[in-house]
Amino acid sequence: MSSPLLEVLDLKVYFRVRGSLFAKVKAVDNVSLKVFKGETLGIVGESGCGKTTLGKTILLLNKPTSGKILFEGLDVVKLKGRKLLEFRRNAQMVFQDPHTSLNPRMTIAETLLEPLREHKVQLNDYEEYLIKEMESVGLGSEHLYRYPHELSGGQKQRVAILRAIILRPKLIVLDEPTSALDVSVQAQILELLRDLQRNHNLTYIFISHDISVVKYMSNRIAVMYLGKIVEIGNSQKLYEKPLHPYSVMLLSSIPIPDPLVSRSRKKVIPQGEPPSPINPPPGCRFHPRCPYTMDICKTKEPPLTEVEPGYYVACWLYAHG
Amino acid sequence: MAESLQDGQVLKVRDLEVKFYTYAGVVNAVSRISFEVYEGEVVALVGETGCGKTVTTRALTRLIEHPGRIENGSALFKRRNNEVVDLLKVPEEVIRDIRGNEIAYVFQDPTSALDPLYTVGTHIVETVTNHRKVKAKEVLRDAIRLLKEVVIPSPELRVKNYPHELSGGMRQRAVIATSLSNSPKLLIADEPTTNLDVTIQAQILELLKNLQAKYKMSLILITHNLGIVAEISDRVYIMYAGKIVEEALTTDLYYKPLHPYTQLLLRSVPNPLKRIEKLESIPGVVPSLINPPPGCRFYPRCPYATDVCRREEPSMIEVEPRHRVACWLYLKR
Chain A
1 MSSPLLEVLD
11 LKVYFRVRGS
21 LFAKVKAVDN
31 VSLKVFKGET
41 LGIVGESGCG
51 KTTLGKTILL
61 LNKPTSGKIL
71 FEGLDVVKLK
81 GRKLLEFRRN
91 AQMVFQDPHT
101 SLNPRMTIAE
111 TLLEPLREHK
121 VQLNDYEEYL
131 IKEMESVGLG
141 SEHLYRYPHE
151 LSGGQKQRVA
161 ILRAIILRPK
171 LIVLDEPTSA
181 LDVSVQAQIL
191 ELLRDLQRNH
201 NLTYIFISHD
211 ISVVKYMSNR
221 IAVMYLGKIV
231 EIGNSQKLYE
241 KPLHPYSVML
251 LSSIPIPDPL
261 VSRSRKKVIP
271 QGEPPSPINP
281 PPGCRFHPRC
291 PYTMDICKTK
301 EPPLTEVEPG
311 YYVACWLYAH
321 G
Chain B
1 MAESLQDGQV
11 LKVRDLEVKF
21 YTYAGVVNAV
31 SRISFEVYEG
41 EVVALVGETG
51 CGKTVTTRAL
61 TRLIEHPGRI
71 ENGSALFKRR
81 NNEVVDLLKV
91 PEEVIRDIRG
101 NEIAYVFQDP
111 TSALDPLYTV
121 GTHIVETVTN
131 HRKVKAKEVL
141 RDAIRLLKEV
151 VIPSPELRVK
161 NYPHELSGGM
171 RQRAVIATSL
181 SNSPKLLIAD
191 EPTTNLDVTI
201 QAQILELLKN
211 LQAKYKMSLI
221 LITHNLGIVA
231 EISDRVYIMY
241 AGKIVEEALT
251 TDLYYKPLHP
261 YTQLLLRSVP
271 NPLKRIEKLE
281 SIPGVVPSLI
291 NPPPGCRFYP
301 RCPYATDVCR
311 REEPSMIEVE
321 PRHRVACWLY
331 LKR
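As given, the protein sequences belong to chains A and B, one line each in that order. Under our numbering, think of the first position of the first sequence as 1, with each following residue one higher. Under our numbering, think of the first position of the second sequence as 1, with each following residue one higher.
If you are wondering where the hints come from, they were derived from the structure by calculation, not from laboratory data. Ideal Cβ placement from N, Cα and C applies to all residues, glycine included. Errors might be hidden in some of the hints.
In silico lysine-lysine, DSS-like type, Cα no more than 30 Å apart, as pairs [what the hints assert, rightly or not]:
#1 K26/A / K56/A
#2 K267/A / K160/B
#3 K278/B / K170/A
#4 K241/A / K278/B
#5 K266/A / K214/B
Computed footprint of chain A on chain B; a stretch qualifies when at least three of its residues, placed anywhere within it, have a C-beta under 8 Å from a C-beta of chain A [as the list claims (entries may be wrong)]:
#6 90 to 103
#7 222 to 231
#8 276 to 284
With the sequences and hints as input, model every part of the structure.
Written out as structure tokens, the structure reads:
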């Protein structure tokens, strides 16, 4: 892990609220992060914390309000024409729900050919290529001329994944890729994603609210709360000893599939619900739900501080204010 | 009636069979399943999408709509007055009196479980006045107490709120308050936390656990999340393709799973506290219930499948005390 493949600097994504002149949803607020070649960065948080917006904005599917997105050192927000096309080829996305992310009127072959055509990839035999590619994600060639409705949820997600990797991108943003699937199928898809990552040297940003899955998939994890990263670092460390009170709460909320452990562990039952991102609380956004709130938390926002090499947390308990 | 309830049993289901007559064919949604629920017990019904767990519990109060039909079976239920009735055979008025009163439901999606045109209070009032002759005003007072019980802040104000004014977690709390309004003997919670965030899920599970103990109800919890099962259930039934394949006390199931499906299922969920090298995945897909495979329904995906599994259906046998499984590996031939 040397130079980052992707670097996000002070990214802000604000959305205007309909019917209001000034109110804005601060979906992503001053987020900075690095993603290194070949790693998986997990992003976890509750619904509405901005994790999907962050993922989409990195791929320029949303317009950033301000900030920089550096991909291999180039600021992609400013890219145009061929350079932009090249970025799009190198950065792809897999969406949560394969039932809606595949076009119901296109056969699997058409769906898979579209990116190849768009990027003018020249091949001798497209059909042969597609069949080989489909085998690599565990799909039989008999599905090539079928429509999405003829496939199961797991198979559809395999198609969506293949569509994302068919141009051999460098970065893939996976937005809850297994949330719509059953447990037994989920395991198949997760294993497939790991195999593909090894074989094609892919870099993943893995977004999910299922923390057990993120832990299994990621090298590093970022915990988001109300548009901010509150903690980011090595996934094993984060699980063994989370620092931010929100991470502690989030982790202790996960039901553990082991009855003796889950009944004996110390649990922090979370209090309250996340406030609206339209008017986030001043100071630390977590302070109304935090068991350790101090005076400074209510007025001043804690900076993301490096507590040990490569491990950051935004909390006044760890910052030297 | 040949069968009767044993001591401490609230519900005893035998050979329940539900079919759906669709254009594509007859769907064998639930095929001759038997289970029981004891007083004050939390029973989990676990399985993947389409395995029949929801249909099973809806059949208990005959909430099966066209083109579905309850074909067979019995469901003995001990009413509040200790009378034992067969839920599948009693007259419509009786089942209507039991439903929402002695057997209450909490469904998966609180948004569609609440009527957008009525306030939270009205939901509770209606649920109560449908079953008892009481004044609406009195119930409204009771409603505020119930909302306090499910930890809704400022219940005096919330009782007048419409569903859209509440967050998802608050809505589910309101649904739980409604289902508790008649102090049911049996509460059926169908994936009560699937649409909620983990932190809210933890709150709702904690709440259900406390209320279950306080109201001394029995709880049937339907879920596909093995973490939740480990967290709150006493006993588990594992369903696969319309059948119960294993039944055990929760700890036995996790530490000594017998059925190959259960074993694989447990190894396919990542445990965040452990370092896992590779997740086990179950090859193939759940079979269609229109023409389920003969013999054991899991055999096409089973790593131990033999000839007999393909030909003949295994019956449930008790391998250890209170641990039953339907698998040829444990049946002596």
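> Okay, which hints does this one fail, numbers in order?
Replying inline: Structure breaks hints 2, 6.
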